[in-house]
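Line by line, the protein sequences give chains A, B, C, D, E, F, G and H. Going by our numbering, the first residue of the first sequence is number 1, and it counts up by one from there. Going by our numbering, the first residue of the second sequence is number 1, and it counts up by one from there. Going by our numbering, the first residue of the third sequence is number 1, and it counts up by one from there. Going by our numbering, the first residue of the fourth sequence is number 1, and it counts up by one from there. Going by our numbering, the first residue of the fifth sequence is number 1, and it counts up by one from there. Going by our numbering, the first residue of the sixth sequence is number 1, and it counts up by one from there. Going by our numbering, the first residue of the seventh sequence is number 1, and it counts up by one from there. Going by our numbering, the first residue of the eighth sequence is number 1, and it counts up by one from there.
Since the hints were derived computationally from the structure, they do not count as laboratory data. Careful, some of the hints might be misleading.
Calculated cross-link-like contacts (lysine-lysine; reagent style DSSO-like; alpha-carbon spacing at most 27 Å) [stated by the list, open to error]:
#1 G:Lys-96 with B:Lys-96
#2 D:Lys-96 with E:Lys-96
#3 H:Lys-96 with E:Lys-96
#4 C:Lys-96 with B:Lys-96
Being a predicted model, the structure only gives us computed values, none of them experimental.
Protein chains: 8
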Amino acid sequence: VVSTGVDRSQLLEVLDQVRAGALSPVEAATQIGELPYAEVAHAVGSTLIDHHRELRTGVPELVYGASKTPEQIVGALRELARVAGRAIATRVDPIKAAAVQALLPEATVHELARIVTFDAGPRTARPVAAPIAIVCAGTSDLPVAEEAALVAEFLGAPVVRISDVRAATVVIAVAGMEAALPSVLGGLIDRPLIAIPTSVGYGVSVDGLVALGAMLTSCAPGIMVVNIDNGVGAAIAAVRIARLPFLTSENR
Amino acid sequence: VVSTGVDRSQLLEVLDQVRAGALSPVEAATQIGELPYAEVAHAVGSTLIDHHRELRTGVPELVYGASKTPEQIVGALRELARVAGRAIATRVDPIKAAAVQALLPEATVHELARIVTFDAGPRTARPVAAPIAIVCAGTSDLPVAEEAALVAEFLGAPVVRISDVRAATVVIAVAGMEAALPSVLGGLIDRPLIAIPTSVGYGVSVDGLVALGAMLTSCAPGIMVVNIDNGVGAAIAAVRIARLPFLTSENR
Amino acid sequence: VVSTGVDRSQLLEVLDQVRAGALSPVEAATQIGELPYAEVAHAVGSTLIDHHRELRTGVPELVYGASKTPEQIVGALRELARVAGRAIATRVDPIKAAAVQALLPEATVHELARIVTFDAGPRTARPVAAPIAIVCAGTSDLPVAEEAALVAEFLGAPVVRISDVRAATVVIAVAGMEAALPSVLGGLIDRPLIAIPTSVGYGVSVDGLVALGAMLTSCAPGIMVVNIDNGVGAAIAAVRIARLPFLTSENR
Amino acid sequence: VVSTGVDRSQLLEVLDQVRAGALSPVEAATQIGELPYAEVAHAVGSTLIDHHRELRTGVPELVYGASKTPEQIVGALRELARVAGRAIATRVDPIKAAAVQALLPEATVHELARIVTFDAGPRTARPVAAPIAIVCAGTSDLPVAEEAALVAEFLGAPVVRISDVRAATVVIAVAGMEAALPSVLGGLIDRPLIAIPTSVGYGVSVDGLVALGAMLTSCAPGIMVVNIDNGVGAAIAAVRIARLPFLTSENR
Amino acid sequence: VVSTGVDRSQLLEVLDQVRAGALSPVEAATQIGELPYAEVAHAVGSTLIDHHRELRTGVPELVYGASKTPEQIVGALRELARVAGRAIATRVDPIKAAAVQALLPEATVHELARIVTFDAGPRTARPVAAPIAIVCAGTSDLPVAEEAALVAEFLGAPVVRISDVRAATVVIAVAGMEAALPSVLGGLIDRPLIAIPTSVGYGVSVDGLVALGAMLTSCAPGIMVVNIDNGVGAAIAAVRIARLPFLTSENR
Amino acid sequence: VVSTGVDRSQLLEVLDQVRAGALSPVEAATQIGELPYAEVAHAVGSTLIDHHRELRTGVPELVYGASKTPEQIVGALRELARVAGRAIATRVDPIKAAAVQALLPEATVHELARIVTFDAGPRTARPVAAPIAIVCAGTSDLPVAEEAALVAEFLGAPVVRISDVRAATVVIAVAGMEAALPSVLGGLIDRPLIAIPTSVGYGVSVDGLVALGAMLTSCAPGIMVVNIDNGVGAAIAAVRIARLPFLTSENR
Amino acid sequence: VVSTGVDRSQLLEVLDQVRAGALSPVEAATQIGELPYAEVAHAVGSTLIDHHRELRTGVPELVYGASKTPEQIVGALRELARVAGRAIATRVDPIKAAAVQALLPEATVHELARIVTFDAGPRTARPVAAPIAIVCAGTSDLPVAEEAALVAEFLGAPVVRISDVRAATVVIAVAGMEAALPSVLGGLIDRPLIAIPTSVGYGVSVDGLVALGAMLTSCAPGIMVVNIDNGVGAAIAAVRIARLPFLTSENR
Amino acid sequence: VVSTGVDRSQLLEVLDQVRAGALSPVEAATQIGELPYAEVAHAVGSTLIDHHRELRTGVPELVYGASKTPEQIVGALRELARVAGRAIATRVDPIKAAAVQALLPEATVHELARIVTFDAGPRTARPVAAPIAIVCAGTSDLPVAEEAALVAEFLGAPVVRISDVRAATVVIAVAGMEAALPSVLGGLIDRPLIAIPTSVGYGVSVDGLVALGAMLTSCAPGIMVVNIDNGVGAAIAAVRIARLPFLTSENR
């Protein structure tokens, strides 16, 4: 992933050297100018673990399993959990998940959600968040809904899968085909509503493009949409919102 | 707009009759079952003003000007402002806006944003909301950004158009063409980020589909997207989020 | 329009000659084989008025005004009404409609529906049909809904524009954008439901493709769909259905 | 599936409590308002069997087999047949069908149509319907035509697969590639005509989009179209039409 | 396949009855009107072999193997060859071709072209045709080129695969990717030029849509295009052209 | 237009110099290698008139009027007619055509076909060709059909617009919307059949893509297709075919 | 445009303050972190002129005229030329160009290329570059070719519009429709080749998507493509390449 | 591949015969005219090895492995290496690569890049080139980046995979999904920048079309784009640029 932000600790180190006179402003300017590019270019050689991401964006790195080998997934899970006490990998199909568990028996496989989680040692404190409700339109949409639920829980948010939409702070609606669910909900609630189109269906609905279009053009205004089948993105967005009351009350 | 929710005051009226014995449960069930359909069907005959929408969804009806005559826009603005003290119409092009203002001189025309606002008499109290930042990638994206800004302000949220993204509770990023702005911001902040793709550009970018796709597939997770050029939808979504700290602290 | 059916009167003429011995079976077979092609080829030279279509398909020729001059429309209306007592032209924009009315003052212009009707002399009896309900999702969908309503009425069916969907024999639902209306109705009624997607909207909804897709992929099974903005086609389909109870009870 | 309708029996229960004074109108209004959401949210946890659907829409729940395991299919078939005496599952590929039959030996597998039917005990009476004709353009379109035929028969309609189109009350035309069949039929008959595009073909016809487009834009007006390969939807629509002569004659 | 032509032998039978007075013209007209539909409907029940097609269109039925079982292919080849002395099946993949040959050892498998031919007994005379040249842009386009070559030869046309394009009466150009070959040839020769786009490539060229578009928009006017990978269609079109010099000189 | 062929007269001039010893083979090779590029590059500076094209491809340059000014059209018509005695410009809309005729009063404007022809002085002999039939599906397709007819006549082919398709050597079928005409004709005739999709229609048929797809995927094999609305390309292709009987009989 | 690079002079100023002890490293880190965002946010309020861009990327800001008023264009041209001595605006249609020239009589209008240039006072030295050849496929592609030529010349590169492609250091090929030109050139030269697809054409070529696809999938490897009609982008890319020989020889 | 250039050695042979009087200019013109077509037609019969391509375009033939058998790949590698001392095959999946290595044990398999290289005997001298930097956005883009790197190295260019982008002469940026990397780099460097979109991702990003569009519409001007996943094309383009400083300094 492209990181254009300057790493603050590295920056402070350079600035300390400037204050100490060990580095001239011109040399420092050059070093600062190069900080972002180093990270961009690294990716060619190996998988980078970005431990600073959580500090910067509030969300740690999640391991995207679809384009990684079981060995790469295990390596990433171990390294992330070494520092943060826990780690999660998404889009791990059943066969790959079995191979991951063989290599890392402490890992937990969530088959429906295609997720592997790994808890190691003492956890770092996680930010508190308000409850998130996840509703889904049909049985076929369950894997994506579960992906969103597990990622949101991993990020520290209580998730309500059933019952009363109106008690939640944020609502995630998962639907494929003609995706009428978010439109119906959007006309009934006053809370933030995130819609996930799913690739469920056949004929013109294949790949979820119709569901995506229906959500984007919904008459019920204020619906926010993420990529097709993107339970992870919806969970992260929901958690960022669900943390707001706590963040702001702390600031007072 | 399809309204499937039952109008609460009509419902209470029916229930009062049941309690009073003036209506049998079977007759009441039939009447309740028919409540939603009446409203769906009305639209064929005339423009309905739904004063209850704000109570239900937290957002009053906004007048969508693109498919209305100046007379229809003025009529809707007057009726909405009669009850709520204020009203807003979007997608009003300059020629139509001039005709609206000729009919309703107290209206204010915001040309860049293609918006007409109308303030009449004492306002009803609006919910308090945290600040929203709106950043946009280029000059060509300004009309959509201004649409979002004015609608958010109309809904009671303070809007910061410039300066520090990190002081905001919610960020709206507006960008056309390859839409790299949300990806860059998404890697730098930990607040909810709503992206509006714009239809600016030429060649393969025409109509904003590339910008939409780039935002949906962004590597920076947690970005929420609305329809192309949809400043209104982004503003409503942002305001729903920005009201959360106040809603929840009131509940304590 | 391709007409592959053999004109019955021409066919009978040939057969009479065969019975009279004036034509050999082989010569007759050749003549019969050529009957359909003559009509196909005619279209190059002039606008054909097909008076036999109503007998064959139950629906007379409707004048499609979009690609015709005011003179051509008037000519077609006069010729059709000469035989059937009435005629209708669709997709006639306001400017063209004014020119048509200047040439044919007895014509009636329905501006919202972009339709011109012309009643001349004694009408031929029209088939009886059950009532058709037409509901539409928003103000912007009204022109298409009115087109469907006027064509259905022209074809002899009583049309109910408002109120109770459940009293109708057939329901036409008109909706643009995310087109949730047919899905909602489809889960509530047990009558045939025809959905018309409209080209209303902006961003990804432009041209009605999302509405079309949402209707085709609706979870509420049994929804039948016609082309975008095709009020005429939906009306004809609905009338064919609405005539069934009468046609079949006659057959018993 | 989104069900926005209020369950009538639950509603009556609430209303009985209101009449009995056990529940205040305000409390009742809240309970009624929440009835629909419960069902929407349930889907996250398990597969819901909606026995009320047939009463509401005239069509019982059909099991969509494509996204279910053999165990889930068998469970749904048993539960539906327990109440209705019969059940049907669609989109069950040969391998899955064999597994279903191993678990439920009384089931019947229709391989060409990818359908499994299950008859158990005494049937509930089914509505009477007029005959439906199903014609198809080529050998490759047969699976979809058979899916439509079996579902229509399951719903109680006599189906005519061959011979005279004009004796039928409703016609279903199944065609892939350039889909000229519905256009030709549409110009020859006066009965309702439902067209199913199929995904048969190669090159630009792949996925059936050309066939879908050709049917929607047919010059023969009044053709109604369902999703690509959607034999189920066409059958349900046809049965709803085919029941009309009986339903309405009962009403007289 | 939709056959709208009236079967001549059936027609003559009816006409003989009319001449003989055994059938009234009115009854005959009804019978003639129904002749075409019978064939349309047949397709639901079984694979029809249309021996009359060659007389009507100059091209016998070719067996399209992609959607048939080996047994169906062998049955069709035997039946066609029984009457015409020879038969051909296209789109037969290697595994299916082996099964066909096991059932019909006299058949010849052309693996590259995915074709099976079958010669049985004395051939009927085939029409004479001028030579056809087939050129192709790359190794990957060879299977489609060979399909075209074998079908053209099967239909009686001499095919030149290499050397001088200018000696041919008709040229078939096969190309994938950007498909510059037909444009280059089209600017150099004065003979009819048929272009076959192939689905070769990756990235934006996948599925041959770019090649198809490039051929349709070629600056070299007069290029005629067939469906992607459609060697059969190009061969039939080329043979119809290549027969002209002989057909018309006979007519003089 | 890219011309990659070497101009023969220029080539002969170079070769004469080589034979005369005035040019070394190495110098000549360099000059020959550069011949094609000169023409490619010219286009930047001015409109090139390529008088050699007719000799090479059998078809003279036609002036494509859509992207030219009236002055450019007149200039090109005059220059082409100066050498060939006649010239033709296509895609000239009515306003531009009037401006052309004001500048060149001897020109003839064909409004329906958007064509301007210009005859000047003695004509060069044109090749003989067999008759071409042009059939079209509806009134809206006439402009494209007329464009094809006038260009074919300009190129020396007799054109039959009506009556018997079977008397023609080549058939051009023009159709928009679902384009069933070519499929119907393709099953009835044994002559080359060229199909022109037109951009007539609305909804999903807009731009003619459905008509194009239907023609390319037609079950009636051997149909050749040109670009949407491309009457010119179809005419040139048809004329090349229609000349064959004469060209080849000369060769015998 | 998003500018993520830190302005070097501002950065040095901050660093000087750190060295001088006037700013703590922590304060400095915060200031540095905010430098890029300030510029991103500015765009909402006004048009930013980025004078530093040329230093950073070698290319000054070009004024994109399509979405600006004449006043905005003149303001930007004046400001850019004040510092750099010259400025250029692209995509300025004739009407807007006339208005620009009325306000800024010293400006030069290039109508074909839709460009306005403005030279004011002493120029800053421009980097030296090798010659660039621009070839284009047809008259209709000239405006885009001229846009590329003028922008390249504005950036200091000699441009050769005609004659010998092989003498150039870089070649820009401009082509619409099937875009065979780059493929042909790509097989003949060994220099960098940049292809610009143009939106010229009709039917399937409309909008240039076919030309873009053909260039991207060209068999001639090494072709680099820019957006449709993007003469500016091709010119900038070509100039960056054409400067290489000079840049690197300076480095030796 | 279509080769329209005349083979220089064959041409010189013909010209020598002309000078020697052994061939008349007319005969020679005919022979020269036919030289290109012979090669076009050859492709039908066998895989052509074009040893002259490197002389003409600076790049030898690379073996495209995707549509070839292991035997064909080995044959091509051997023949190319026989003359040039080295050869390379791309798009060779692991299974095919193993088969190639079994047949040609001296070959080297590069699994990540799906490339097989083969070095045989003394190499011919390769042109000198400046360094090329290759950066990629994520782990999933590595295979395409490695393909580009290995092909560039094969063509003689030093490749820098990590560290400082600004030291390179040309930069290749590889990115999928929203492809923000090239935009970010494009605003920071002044060297030629070639972007490769990759087909990595899911949802709307599938197939790389969003990445392609984002790169083509990037606000950072001067980015040149190649086909999706086309590491080979980017490498060849980059090497052509990287050779320029050496080529031109030789010319001085």
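Hint check results:
1. G:Lys-96 with B:Lys-96: holds (23 Å)
2. D:Lys-96 with E:Lys-96: This hinted pair holds, its Cα atoms lying about 23 Å apart.
3. H:Lys-96 with E:Lys-96: holds (24 Å)
4. C:Lys-96 with B:Lys-96: Distance of about 23 Å is within 27 Å: holds.
The structure is consistent with each of the numbered hints, conforming to all of them.
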